[in-house]
Every structure is written in structure tokens, then in C-alpha cells.
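Trainee: Heads up: the protein sequence lines correspond to chains A and B, in order. Taking UniProt numbering, the leading residue of the first sequence gets 1, the next gets one more, and so forth. Taking UniProt numbering, the leading residue of the second sequence gets 1, the next gets one more, and so forth.
One or more hints might be untrue.
For identical chains, the list gives no copy identity; a pair is met inside one copy or between any two copies.
Said to hold, decoys possible - Once the Cα atoms are required to be at most 27 Å apart in a straight line, the calculated DSS-like pairs of lysine-lysine come out as:
| no. | residue 1 | residue 2 |
| --- | --- | --- |
| 1 | Lys76 | Lys133 |
| 2 | Lys307 | Lys76 |
| 3 | Lys176 | Lys238 |
| 4 | Lys60 | Lys307 |
These are calculated hints, taken from the structure and not from any lab test.
Next come the chains, spelled out residue by residue.
There are 2 protein chains.
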Amino acid sequence: MSMYVVGHKIPDSDSICGAIALAYLKNQIDEPAIPTRLGEVSPETQFILDKFGFEAPELKLSYAGEDVYIVDHTEKTQAPDDIDQARVVGVVDHHKLGDLTSSTPLECWIRPVGCSNTIIKMMYDFYSVEIPKDIAGIMMCAILSDTVIFKSPTCTTADIKCVEALAEIAGVEDFKELGMDMFHVKSAVEDTPARDLVMRDFKDFNMNGNLVGIGQLEVIDLAVFDDIKADLEADIAKLKTEGNRHSVFLLLTDIMKEGSEMLIVSDDANLVEQAYGVKPENDKVWLDGVLSRKKQVVPPLQDAFAKA
Amino acid sequence: MSMYVVGHKIPDSDSICGAIALAYLKNQIDEPAIPTRLGEVSPETQFILDKFGFEAPELKLSYAGEDVYIVDHTEKTQAPDDIDQARVVGVVDHHKLGDLTSSTPLECWIRPVGCSNTIIKMMYDFYSVEIPKDIAGIMMCAILSDTVIFKSPTCTTADIKCVEALAEIAGVEDFKELGMDMFHVKSAVEDTPARDLVMRDFKDFNMNGNLVGIGQLEVIDLAVFDDIKADLEADIAKLKTEGNRHSVFLLLTDIMKEGSEMLIVSDDANLVEQAYGVKPENDKVWLDGVLSRKKQVVPPLQDAFAKA
Numbered sequence: 001m002s003m004y005v006v007g008h009k010i011p012d013s014d015s016i017c018g019a020i021a022l023a024y025l026k027n028q029i030d031e032p033a034i035p036t037r038l039g040e041v042s043p044e045t046q047f048i049l050d051k052f053g054f055e056a057p058e059l060k061l062s063y064a065g066e067d068v069y070i071v072d073h074t075e076k077t078q079a080p081d082d083i084d085q086a087r088v089v090g091v092v093d094h095h096k097l098g099d100l101t102s103s104t105p106l107e108c109w110i111r112p113v114g115c116s117n118t119i120i121k122m123m124y125d126f127y128s129v130e131i132p133k134d135i136a137g138i139m140m141c142a143i144l145s146d147t148v149i150f151k152s153p154t155c156t157t158a159d160i161k162c163v164e165a166l167a168e169i170a171g172v173e174d175f176k177e178l179g180m181d182m183f184h185v186k187s188a189v190e191d192t193p194a195r196d197l198v199m200r201d202f203k204d205f206n207m208n209g210n211l212v213g214i215g216q217l218e219v220i221d222l223a224v225f226d227d228i229k230a231d232l233e234a235d236i237a238k239l240k241t242e243g244n245r246h247s248v249f250l251l252l253t254d255i256m257k258e259g260s261e262m263l264i265v266s267d268d269a270n271l272v273e274q275a276y277g278v279k280p281e282n283d284k285v286w287l288d289g290v291l292s293r294k295k296q297v298v299p300p301l302q303d304a305f306a307k308a
Numbered sequence: 001m002s003m004y005v006v007g008h009k010i011p012d013s014d015s016i017c018g019a020i021a022l023a024y025l026k027n028q029i030d031e032p033a034i035p036t037r038l039g040e041v042s043p044e045t046q047f048i049l050d051k052f053g054f055e056a057p058e059l060k061l062s063y064a065g066e067d068v069y070i071v072d073h074t075e076k077t078q079a080p081d082d083i084d085q086a087r088v089v090g091v092v093d094h095h096k097l098g099d100l101t102s103s104t105p106l107e108c109w110i111r112p113v114g115c116s117n118t119i120i121k122m123m124y125d126f127y128s129v130e131i132p133k134d135i136a137g138i139m140m141c142a143i144l145s146d147t148v149i150f151k152s153p154t155c156t157t158a159d160i161k162c163v164e165a166l167a168e169i170a171g172v173e174d175f176k177e178l179g180m181d182m183f184h185v186k187s188a189v190e191d192t193p194a195r196d197l198v199m200r201d202f203k204d205f206n207m208n209g210n211l212v213g214i215g216q217l218e219v220i221d222l223a224v225f226d227d228i229k230a231d232l233e234a235d236i237a238k239l240k241t242e243g244n245r246h247s248v249f250l251l252l253t254d255i256m257k258e259g260s261e262m263l264i265v266s267d268d269a270n271l272v273e274q275a276y277g278v279k280p281e282n283d284k285v286w287l288d289g290v291l292s293r294k295k296q297v298v299p300p301l302q303d304a305f306a307k308a
């Protein structure tokens with residue numbers, strides 16, 4: 001029986017490239033594995049797949065009765081809807097430990113590093129499996145994406161060393177240039193419906209019993225949002241109502257200025273000031289130095305919810 | 001700030017020896033760590049500590065505001081009572097993934113092997129830290145205990161290889177003999193109050209919303225229970241009421257005959273037949289070949305509860 005290797009809903013490059021890279025590794029050690037995905041491939045990820053000659057993994061939403069290896073999350077809200085009817089055989093992740101559980105003993109490779117693909121590289125090393133050139137390429141790009149080309153506070157020495165090693169295997173001479181090409185693709189927002197932009201990198205969290213959605217758009221210059229910010233604000237208000245969410249936040253992240261503007265719709269907007277120590281005006285706030293949802297946005301908010 | 005390294009409530013040898021071994025490793029890699037414990041040391045564990053010249057780790061029940069590295073469990077029922085107010089920085093475990101969560105990214109070394117100390121040995125290898133002779137000794141004993149000297153179905157090739165390597169480091173020539181010495185200590189049940197025996201290796205589980213306690217006593221010959229079985233039965237009935245539990249099961253495991261007699265008190269004893277396919281008589285049932293609570297007892301019961 002094959003296992004499926006799958007990342008989170010609304011997959012990012014780490015989820016897609018990680019599923020491909022981990023499934024390849026598992027097949028090399030005689031554990032048959034098929035990479036799958038839970039949603040559409042983003043333009044950034046498509047750029048990476050095209051660059052190194054991969055097809056997107058098969059779209060597969062139901063896993064009841066199957067063996068599943070989970071990539072890049074441990075939150076049930078981000079997992080397949082029927083994950084409780086699947087057998088979770090493993091997890092590779094770099095986030096806080098969420099509410100996913102398993103019915104049998106499993107393997108978990110979770111490390112506080114910048115990207116799941118950095119941990120997958122450790123797994124290749126552990127099993128002494130050689131990484132093919134094209135797989136090294138997509139793994140490297142996933143790490144450059146998750147760490148915002150090493151600028152994110154989530155980036156660790158392990159991530160940097162891993163990118164350097166993968167770039168050598170992939171034969172990529174200037175990986176920072178490739179990273180900037182990737183972020184240029186990511187910054188193209190014109191002609192895209194507001195909902196598609198909001199959902200491009202959107203995650204739901206359970207915060208002290210409240211459903212909280214947080215989206216993030218990372219671009220090279222926030223000016224790209226000048227004409228569409230009102231649309232984005234209207235759309236997250238809709239999204240909040242549709243999903244019975246307590247709050248929806250959208251982070252507009254400027255990777256060059258290294259900070260994020262947060263757009264806010266919430267049943268209790270005071271939580272934002274409590275979490276970040278700055279007062280929103282007109283349902284917006286600039287969070288200087290904030291690049292990482294995982295490390296800088298979620299934990300203070302979780303604390304604020306816990307105290308509310 | 002030091003982290004505390006702590007195993008589960010009602011600690012077994014894996015929890016105590018694992019806390020000592022992992023804290024030592026963390027200190028070697030400049031992450032200050034203090035081993036602690038959540039309860040009394042069992043006679044078997046005391047035998048191991050004495051054999052290799054260790055004091056028991058400090059008894060510490062409260063961890064609010066502290067950094068904690070969790071050993072040998074991911075179930076909240078088995079964790080410190082105030083774990084939600086602590087920061088979980090890591091987990092090493094070999095059970096199914098439970099309901100423990102963390103507020104920040106962490107490291108999890110979870111593998112489907114027979115003992116947490118087998119994984120701790122992998123961590124020593126990963127960090128290239130030499131294992132001192134005495135620490136190798138207690139790690140080896142913990143693995144022999146958890147795998148019932150390799151007889152348990154939870155035992156893997158990794159556990160056997162690990163014991164062989166640790167025996168060489170510890171300078172123990174006949175580790176199977178040492179294992180039998182350990183189980184002789186464990187088999188001494190006379191002059192011990194029934195409650196102490198029931199609680200010696202007792203774990204609570206959340207099964208589909210019901211609190212289910214499962215104790216286990218592993219001995220060399222079930223005849224040691226002949227005179228006290230009625231007392232044990234009376235005591236688990238009391239324990240069920242005191243804790244508002246749905247069920248309490250006590251496994252009397254014969255490691256030589258390789259099977260377990262299960263003593264049963266339950267709001268729905270039919271679940272036992274559904275789980276194991278054998279019908280209890282007089283609130284008891286012999287489960288042939290069953291040595292492992294984790295692998296052979298908990299999963300079928302969890303399935304039966306899920307279907308109930």
C-alpha cells in the first residue's frame with residue numbers, strides 16, 4: 001500500500017515541493033509514496049515547477065482509509081477534511097505543534113527551522129539517499145521562499161547551509177537572483193480577483209476556541225496594492241462572515257522594507273493592539289520588521305486570545 | 001534560562017532514564033537542561049539508577065513559565081498539569097501523536113520504535129556527542145524494559161541495534177541477563193498495597209471523549225497475583241469511581257508466556273469484546289500474545305470507542 005505525501009490546504013511552495021521531495025525519498029527507501037496536493041498551485045510554485053521540469057502533484061482531497069504523510073502543518077484546519085479517517089504515518093513540519101493526532105505510533109520530524117524542506121534535506125542525509133539535481137532545485141526554492149531569501153526571522157543557520165548545499169547539487173550559481181525572480185512572480189497581483197489574492201497564502205487557526213484566518217501576500221513593493229486595497233478589505237470582511245470567523249487578518253508584506261501592513265476585520269480589534277503594542281487606525285496597522293506570520297504574528301495573537 | 005526535561009506522570013524507566021540522558025546531551029550542546037520527574041520512581045527504575053550510580057531526577061510538578069522538553073508522551077493527561085502555561089520546546093516520543101500542543105515552533109523527535117531512549121541515541125549520533133558509560137547503561141536498561149527484552153511487538157531492529165551498541169559502551173557483557181534481573185525486581189509484588197501496584201504503570205487516555213485508565217504489571221509469572229487479584233479488582237473499581245472514568249483496565253502481563261490477563265471495570269464492557277474479539281468472563285479476559293499496551297491494547301480499544 002502506497003502512502004500519500006501531502007502538504008496543507010492552500011498549498012505554498014514548501015507544501016508542494018516538500019511533497020515531491022519527500023515522496024521521492026520514501027520511494028528510494030522502499031516505502032512507496034505518492035505526492036499529492038490539497039489545492040491550486042500558486043504562480044510562485046508554478047514558476048519553480050516549470051524551472052526544474054516538474055508536473056504539479058495530483059490534486060486529491062479525500063484520504064479516508066489511506067496512509068498519509070503530512071508535510072508543513074499539524075493543524076487540523078489545514079489538513080485534509082477527512083484526516084481523522086486516515087492513518088497519519090508521519091509528519092515533517094517547522095511550525096508550532098497543533099491539534100493533529102494519530103491513531104498509531106508514527107514518525108515526526110519537526111524542527112524550529114525556516115522551512116520543511118530544510119528538514120527533508122536532513123532526512124535525505126539520515127537515510128544517505130542522494131538528492132537528484134532537479135529535486136535539489138525545488139527544495140532550494142521552497143527554502144528561499146519560506147525564509148524570504150534569508151530575511152525572515154524564522155531563518156536559521158541550518159536553512160542557509162541547506163540552501164548552499166542544494167544550490168551546489170542543483171548547479172544554481174546565483175540562488176539569491178533566482179529567489180528575487182521568484183518574488184517578482186509573487187508580486188504580480190494585477191488582473192487577479194481579490195478573493196484569489198486573499199486566499200493565495202491563507203491559514204485558519206484555532207485561537208482559544210475562535211476561528212481566526214490569517215492571509216499573507218509577500219511582495220517587493222507595497223505600491224502594487226494601491227489600487228486594490230479597498231477590494232481586499234471588502235473581501236476579508238466577506239470571508240469573515242462566510243466562515244463564521246472571529247477575525248480575518250491580511251498581511252501585506254514588503255520584503256524590501258521588511259515589514260507588513262495588516263488589514264483587520266475582527267469581533268474584537270483591541271486584540272491586535274494587545275498582541276503587537278501598536279494601535280490600528282482605519283482597520284489597518286503597520287508592523288515594522290514583521291515578515292513572519294508563524295513567528296511574529298501568530299504567537300502574540302494566540303497569547304492575546306488566551307488572555308481575553 | 002534552563003529547560004526542564006521531563007517524562008510522563010507515573011514515570012517508567014524510559015521517562016526517568018530518558019530525562020537524564022537527554023538533559024546530559026542538551027548540556028553538551030550548550031542548551032542548559034535539568035532532568036525532572038512527575039512522580040515516584042518505580043522499583044525497577046530504582047534498580048537501574050542504583051546499578052549505574054545515578055540519583056533520581058528532582059521531583060517537580062509545576063512548570064508554568066518554564067521551557068520544557070517532553071519525554072515519552074504527547075497526551076495532555078500524562079503531561080504536567082500546568083503544561084499549557086509552559087513553553088514546550090521539544091518532544092521525544094514513540095507513541096501515537098496525542099493532544100499536546102505548543103505555542104511556538106519546537107523540535108519533535110518521534111519515531112515508531114520500541115523506546116524513547118532509542119531515539120535519544122539517534123539524537124546523540126546526530127549531534128556527534130559521545131555517550132558516557134553510565135548513561136549508556138541506563139539508556140540500554142530503559143530499552144530492555146520497554147521492549148520486554150525484545151519480546152514486545154513494538155520492538156524494532158533499531159531498538160535491538162541500539163541496545164547492542166549501548167551495551168558495548170556501558171561494558172555490559174550479558175544484557176539479556178541484566179534485563180531478566182530487572183524483570184525479577186519488577187515481579188516482586190508482595191507487601192505492596194493494591195493501589196501502588198495498580199498505579200505503578202498507569203496511563204489515562206482520552207478515547208472519543210471518555211476518560212479511560214489502563215494499568216499494566218509485567219511479571220515473570222502470573223502466579224504472583226494469585227493471592228491479591230481480588231484486591232486489585234476491588235481497587236480498579238474504586239479508581240474508576242474516584243476519577244469519573246468510563247473504564248479502568250489492568251493488564252497482568254506474563255512476559256514468559258507472552259500474553260496478558262486483562263481485569264475490567266467499565267461502563268460498557270462490550271467494548272472489550274469488540275476491540276479484541278474475545279469475550280470476557282467474570283470481568284477478566286486472557287489476551288494471548290498481547291504484551292504491548294501501546295501497540296496491541298490501545299489502538300483496538302480506540303477504534304471500538306470511535307465506533308460506539
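Trainee: Now tell me if each hint is right for this structure.
Mentor: Status of the hints after comparison with the structure:
1. With identical chains, the CA atoms of Lys76 and Lys133 are never at most 27 Å apart, being 33 Å at best within one copy and 43 Å at best between copies.
2. Within a single copy, Lys307 and Lys76 get their C-alpha atoms as close as 23 Å, and across copies as close as 21 Å, so both meet the 27 Å cut-off.
3. Taking the closest pair of Cα atoms, Lys176 and Lys238 never come within 27 Å of each other, the shortest separation being 38 Å inside a single copy and 66 Å across copies.
4. Proximity of Lys60 and Lys307 under a CA criterion of 27 Å is satisfied inter-copy only: 26 Å between copies versus 39 Å inside one chain copy.
Hint compliance for this structure: hints 1 and 3 are not met, and every other hint is.
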